[in-house]
Structures are given as structure tokens and as C-alpha cells.
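Residue numbers (the working numbering), protein chains in the order written: chain A, 1 to 299; chain B, 1 to 441.
Quick caveat, the hints were computed from the structure, so don't treat them as lab data.
Not one of these hints is a red herring.
Calculated cross-link-like contacts (lysine-lysine; reagent style BS3-like; alpha-carbon spacing at most 25 Å):
| id | chain 1 | residue 1 | chain 2 | residue 2 |
| --- | --- | --- | --- | --- |
| 1 | A | K129 | B | K9 |
| 2 | B | K427 | A | K17 |
| 3 | A | K17 | B | K431 |
| 4 | A | K107 | B | K9 |
| 5 | A | K89 | B | K17 |
| 6 | A | K89 | B | K3 |
| 7 | A | K208 | B | K435 |
| 8 | A | K91 | B | K17 |
| 9 | B | K17 | A | K129 |
| 10 | B | K427 | A | K208 |
| 11 | A | K107 | B | K17 |
| 12 | B | K3 | A | K91 |
| 13 | A | K17 | B | K435 |
| 14 | A | K89 | B | K9 |
| 15 | B | K3 | A | K153 |
| 16 | B | K3 | A | K107 |
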Amino acid sequence: MSSSILSLDNIVKTYDKNVAVDGVSFEVPKGSIFGLLGPNGAGKTSLIRIITTITRADTGTVFLDGEKLNSRHPEQIGYMPEERGLYRKMKVGEHLLYLARLKGLSKEQARDQIRHWLEKFEIEDWWDKRVEELSKGMQQKIQFIATVVHQPKLLILDEPFSGLDPVNTNLIKDEIHELHNKGVSIVFSTHRMEQVEEVCEHIVLINKGRNVLQGKVVDIKNQFKKNLFRIEYEGQLPPGLEERADIVEQSGRSLTIQVSEEGRSNELLQYLLQNGVFVHAFNEILPTLNEIFIRQVKE
Amino acid sequence: MDKLWLIIKREYLTRVKRRSFIIATLLTPLAFAVFFVVVGLIFQYESDDTRRIAIIDEGNVLKKSMKDEKNLYFKFVNDVELDVLRDNFDDFDYDGILVIPRVKDLMSKSYTVYYYSEKQPTLDIESLIRERVREGVKDYKIEALQLDPVQLEALDTKVSLEPEPIDESGQDASKLTGAIAAGIGGLMGIIMYIVVFIYGMMVMRSVMEEKTSRIVEVMISSVRPFQLMLGKIVGVGAVGLTQVAIWAVLIPTVVLISSLVFGFDSNTQMEMAQSQAATDINPEDAEAMIALAIEEFNSLNWWAILPLFIFFFLGGYFLYSSLFAAVGSAMGDDLGEGQSLTIPITIPVVIAFYIMIVAIQAPNSSLAVWSSIFPLFSPIVMPARLAFSPPLWEVVASVVVLAGSSVFFVWLSGRIYRVGILMYGKKVTLKELGKWMFYRD
Numbered sequence: 001m002s003s004s005i006l007s008l009d010n011i012v013k014t015y016d017k018n019v020a021v022d023g024v025s026f027e028v029p030k031g032s033i034f035g036l037l038g039p040n041g042a043g044k045t046s047l048i049r050i051i052t053t054i055t056r057a058d059t060g061t062v063f064l065d066g067e068k069l070n071s072r073h074p075e076q077i078g079y080m081p082e083e084r085g086l087y088r089k090m091k092v093g094e095h096l097l098y099l100a101r102l103k104g105l106s107k108e109q110a111r112d113q114i115r116h117w118l119e120k121f122e123i124e125d126w127w128d129k130r131v132e133e134l135s136k137g138m139q140q141k142i143q144f145i146a147t148v149v150h151q152p153k154l155l156i157l158d159e160p161f162s163g164l165d166p167v168n169t170n171l172i173k174d175e176i177h178e179l180h181n182k183g184v185s186i187v188f189s190t191h192r193m194e195q196v197e198e199v200c201e202h203i204v205l206i207n208k209g210r211n212v213l214q215g216k217v218v219d220i221k222n223q224f225k226k227n228l229f230r231i232e233y234e235g236q237l238p239p240g241l242e243e244r245a246d247i248v249e250q251s252g253r254s255l256t257i258q259v260s261e262e263g264r265s266n267e268l269l270q271y272l273l274q275n276g277v278f279v280h281a282f283n284e285i286l287p288t289l290n291e292i293f294i295r296q297v298k299e
Numbered sequence: 001m002d003k004l005w006l007i008i009k010r011e012y013l014t015r016v017k018r019r020s021f022i023i024a025t026l027l028t029p030l031a032f033a034v035f036f037v038v039v040g041l042i043f044q045y046e047s048d049d050t051r052r053i054a055i056i057d058e059g060n061v062l063k064k065s066m067k068d069e070k071n072l073y074f075k076f077v078n079d080v081e082l083d084v085l086r087d088n089f090d091d092f093d094y095d096g097i098l099v100i101p102r103v104k105d106l107m108s109k110s111y112t113v114y115y116y117s118e119k120q121p122t123l124d125i126e127s128l129i130r131e132r133v134r135e136g137v138k139d140y141k142i143e144a145l146q147l148d149p150v151q152l153e154a155l156d157t158k159v160s161l162e163p164e165p166i167d168e169s170g171q172d173a174s175k176l177t178g179a180i181a182a183g184i185g186g187l188m189g190i191i192m193y194i195v196v197f198i199y200g201m202m203v204m205r206s207v208m209e210e211k212t213s214r215i216v217e218v219m220i221s222s223v224r225p226f227q228l229m230l231g232k233i234v235g236v237g238a239v240g241l242t243q244v245a246i247w248a249v250l251i252p253t254v255v256l257i258s259s260l261v262f263g264f265d266s267n268t269q270m271e272m273a274q275s276q277a278a279t280d281i282n283p284e285d286a287e288a289m290i291a292l293a294i295e296e297f298n299s300l301n302w303w304a305i306l307p308l309f310i311f312f313f314l315g316g317y318f319l320y321s322s323l324f325a326a327v328g329s330a331m332g333d334d335l336g337e338g339q340s341l342t343i344p345i346t347i348p349v350v351i352a353f354y355i356m357i358v359a360i361q362a363p364n365s366s367l368a369v370w371s372s373i374f375p376l377f378s379p380i381v382m383p384a385r386l387a388f389s390p391p392l393w394e395v396v397a398s399v400v401v402l403a404g405s406s407v408f409f410v411w412l413s414g415r416i417y418r419v420g421i422l423m424y425g426k427k428v429t430l431k432e433l434g435k436w437m438f439y440r441d
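Let the sequences and hints guide you as you build the complete structure.
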């Protein structure tokens, strides 16, 4: 057994003369929520298509749960593409049944699973409705069910929240967390950083077909932090403060400072307290992923 | 295989259960019946326009014998002057005056009669009068020249050509073989032409719908693009076979019922056409012809023709529908934009159709022979030639080449399809389609 559900080793993919993926490697730890990030056109969808066996890498290897990727693997993967849709003329029940059976489920298994999900979303009575009768939001629920109906061990969601209304966004977020708690590994591809920060533990950042950055979100943030601290206080600031730290911003009772190295923040706090400053709050300002992302992409 | 079967089943069942399919399948035979009845009624329609014609036979050429027809009455008024008749035309209640002058020169081959009227004589009246006068003048000349009518009758020999095989074991053909074969061949060719277009287009539209509805990426994360394409082609092909099979039963049934209800049969139309084309065929000859035609029809080797027809149906369908699928995959959300891509496919079909028309007239010409081996033409040309019992090697060559090419074209289209279905928002040229074939997976 491998500790990674997914492992990419030096993947290269070219279309015509256009290099879409240029030697990307990363590992997705089992049971994690993993962010595959990058601006539009970075090669995210190309990578996902390789992982889902839609296309093949020119060179490089993909391992799913320690096994080299093969044609049986799609049955263990649930993929919700960015461009997603349904057969408009089909009925919800038969549509889900069709997709589930293509994922290798028997008729009975498929029926049970679909019933389970329809009940969960309280839409049991949709079985005989035609897809075209459903609103966009309703169709999105069906698309989500189609992605998870075969109980995949790896879930790949490409821009899952694009075009979702707030109700469905929350619903899907809850489901993602629930699946995560059940041990499903989830790869989350997006260019919207604020979403990643909320849900992902690990990320890889891709730009122009190469990986720029990867690791735990916490580690990355630490790596890019500038030792900035926000202090909210009352009282008179001691005059020696400026020797110990750079004052970046000061307004009213709020102060942003930068210390030269990690441990200095404790010394500084101590100094302030010793000098009779009443500290309400002392927070480290970590860079947002968005800031890191923009900085990395610009370089 | 399981997945392919699931796809075929879905493609087939969703179409067959659709209301539009059921309506089209049932209404087409009905449309045939309506067409048949209307044509029948038109043929049965007779002019209700009564004509009365006065004849001034100056030399008594016709000997006062001119039989009346329905709605057409003749009266000899040899003792009335033409001028009197013309001056009082309105009072006499005639519609026309036919003046038959004396035959001045018995040896002259031309002869002119005059027809006075306010309205132009209709075509059928004109030809009737000419025919009657011709016979009258002939009898008049026979008498005046003192010839023997029986001997003269014997001069008029009817010649028919009876094709016979050189080799005694060869198939004996009758004088109708060619015509019957041409009829059946033409019909088969036309069916093939329609099948390629209707069902090929159906495949193309369906591929486009999958692309524009964005279901396709979901699908190919479970099945290979080739399976999806092949499943669609097979499913739609099965729909086509179902529809053609239903029509093959329903159309003759409906036509038969309507002919019984409306009291005319297809022979009436044939007889009418014949009686107008050649008045000298007597009814017994016509009946013999029909009997011979039926015999010819039955003597064709249907056990070979029908399976071959189904083979060419499938071969042509697979070849062209896969090309249509490839083009459909390249089309974006805008149907009009991709329309030009279908032209390279439709042109060979149309050319094949015209070759087919020539081939049923000259089924053993080198054009017909080579076109029935060339795989883009053979699905339409070869079925048309089957009734002419073409040489065995030609049939075998045609079958082998078509079978090989349809497999090749399905494979080739699959290569284009897998790239095309994932390509959005880009206007695609033919050159790019060509490049896609060489993309790696």
C-alpha cells in the first residue's frame, strides 16, 4: 500500500507543438483534500485528463494507489469536469443509472446508490423527471451525484463551484467534507484561491505547464511569510520599539510591524508588555495563497 | 464490451422511444399511400371538357367514319361551306372545324389538315385527330393504289430482342431483364443514398449535441472515446435498420390497402402510360408483359441480392456515418460554422448517386465497374448493379474493399473524434482535422 493515492512522475504532454504539461511531478497524500492550482491555461485540465485516462502522457508515469494507471482505474475515480452537462432528453433515474453502470456498477448496486443519494438530497421524486425539466441548480445536484455514485476512492473536481448558486455551493462543500471524513481523497482544481484556503490541506501550484510550488498549505504560508504582525493595543508605545522592529503601518490603536526573524516576535511582545503597553491582540499576518500565487506566477 | 453494449442500448432505445421517431416511422408509409392515391386519382382524371367538332371532308377521305370519344363528338358536314360555318361559328355550337382537303398526290408523304377554332386544340385532341386522319389516309391510299391490305399488314414486322447466354449454364434473360434490373437497382441506389444522408446526419447531430451539452467529458472519463463513437454509430445504425424494416413491411401494406380501397391498382397506371406511349400494343400483349415482369422479378436471385444489399447498407453506413461523426466532433456550438466541413463528405455521396444513375443504364461500363469497387462510391453504385448479376469477382472485390475501408474509416474517424470532442471555442479547418489523426493519445 502506498501512502499516496496519486503520484505523478515527470509528466509531459504536448499538443501539436504546444507544450501543455512540461515535467510535472507531485504526490497526493491518501485521504487528503488536495488543491491543484494554477491560472487559466496553466495545464490543470491537461493533467486531469491524463489522470482520468482521457488522454495519455507523452512521457512520465501516473500511479493510482501505488499501481501504474490502467484502463480499470476510471472506475475508482470520480471526475466532475469544468465543462459538464447531461443528456437533456433522458430521465434523471435512467441517466444516473447509465452513468453508474458505465463506471462498472451492477444494475442493483447502481439503483441502491442512486436511491441513497436522491434521498440524501431529498429529491427522490425526480427519478422520472426529464433532465431538461430541471433548473440549472437542480442539474448540478445530479451532476454531483453522477460523480460520486460509484463510491470512488479519488474524487477530482475541476472548478467545482463555477456556476453554482450559494445553496449548492454549501451543499457540495458539506458533501466534500463528509466524503473526506470517510477517507475519500479529493483533488480540487481551481484558479480561485480563497476556495482552496478554506478546504485544502495540500496544494500544488502549476504555471505554464510546470510546477512552481507544492506542499502543505501551512508550510507554504510559513515559507512565504514576512514576519509581519498586527498589534492592537492601548497605552504609550515605548520609544525603543523602532530599533527592534520596522513599523510598516500605524493607524490609531493598530500597528503593523515586521521583525527580522521568526523568534523575535516573542521578544517584542515581551518588550511591549514590560513597558506597560496594554496589548489587545497580537496576530501574525500570513500571506494569503492568492498573494503567494500572484507573486509566483509573476516571477 | 459491456460498456459498448450499454452505449449501443442507450443510443438505440432513446431514439426508438422518442415520439418523433414513432411519428416519422408511421407517417412515412402514410405519406406514400397519400402520394399513391393522389397520383392514381390524377391518372384517372379525365377531361370533363366536352368538344364538338365539325368535319368538312372535301375528298371523302375518311368515308364519314370518325368514332366519337368520351366528351369528344365528331360530325361530318361535307355539304356545308367552310365560310358559312366560320361566319356563323357562334350559332352552330361547334368547338372546332376540321377541314380535310383532297389527297392530291397519292405518293406524297406529307399531308396537312386544318383545324379552325377559337381555342387552341388540346394536345390529346390534336394527337387523336392526327392519328385518326393518318389511318384514314392510309386506307384511302391502299384503296386508290389497289394494294392488298393483308400483304401490307405483313410488312409491318414487330422486332424484339431476346438476350441469350453464350454458355448454356448461364442465366437466361428475357427482354425485360434489363428494365426490371434497372428499376430494382435504381430503387436500391436511392434507398442507400437516403440512408447515408439521414442516418449519417443523425450521428453527426448527436455527436454535436453531446459536445455542446458538455456531457462528453463526463462520458469519456468512464469509456474510451472510440467506444462512445462506435456505440453511437452502431446504435443509430440499428435504429436505421429498424426503421427501414418497418417501412419494408408497412409501405407495401399501406399501398395495397389504399389501392383496394380506392379501387385501382398499379397496373392501371402502367397500362395508361403504355397506352399513351404506344397505342399499337394490344391489351393481351400488355398483360403478357406484366406476367413476364413478375416472372423476371421472381427469378432474380434474391437470396444473394438481399444479404448483399444489407451488407452494402451497413458498409456504406459505417463508412459515411463515422466520417459524419468525425466532422460532428470538430463542430463547435455553432452549427453554421462547421457546415463547410460536411461538404467533403456530401460530394462523394452525390457523385456516387449520379454514377448510380448511369450505372443502371450501362451496368458493365468501366465507370460502373470501377465505381462499384471504389469504397466511397460502392455502397450506392454496387447495390444498383446487383440485379444485373454482375461477375462474381466484382462483387467479391467490392465487398472486400468496402469491408476493409469501413473498418479503416471508423478507426480514422475515431482518431479525429477523440481530439475534436474536447476542443472548444475554436474554429476548425480541414487541415487541422488531418493533423488530429496523428495526435498521440
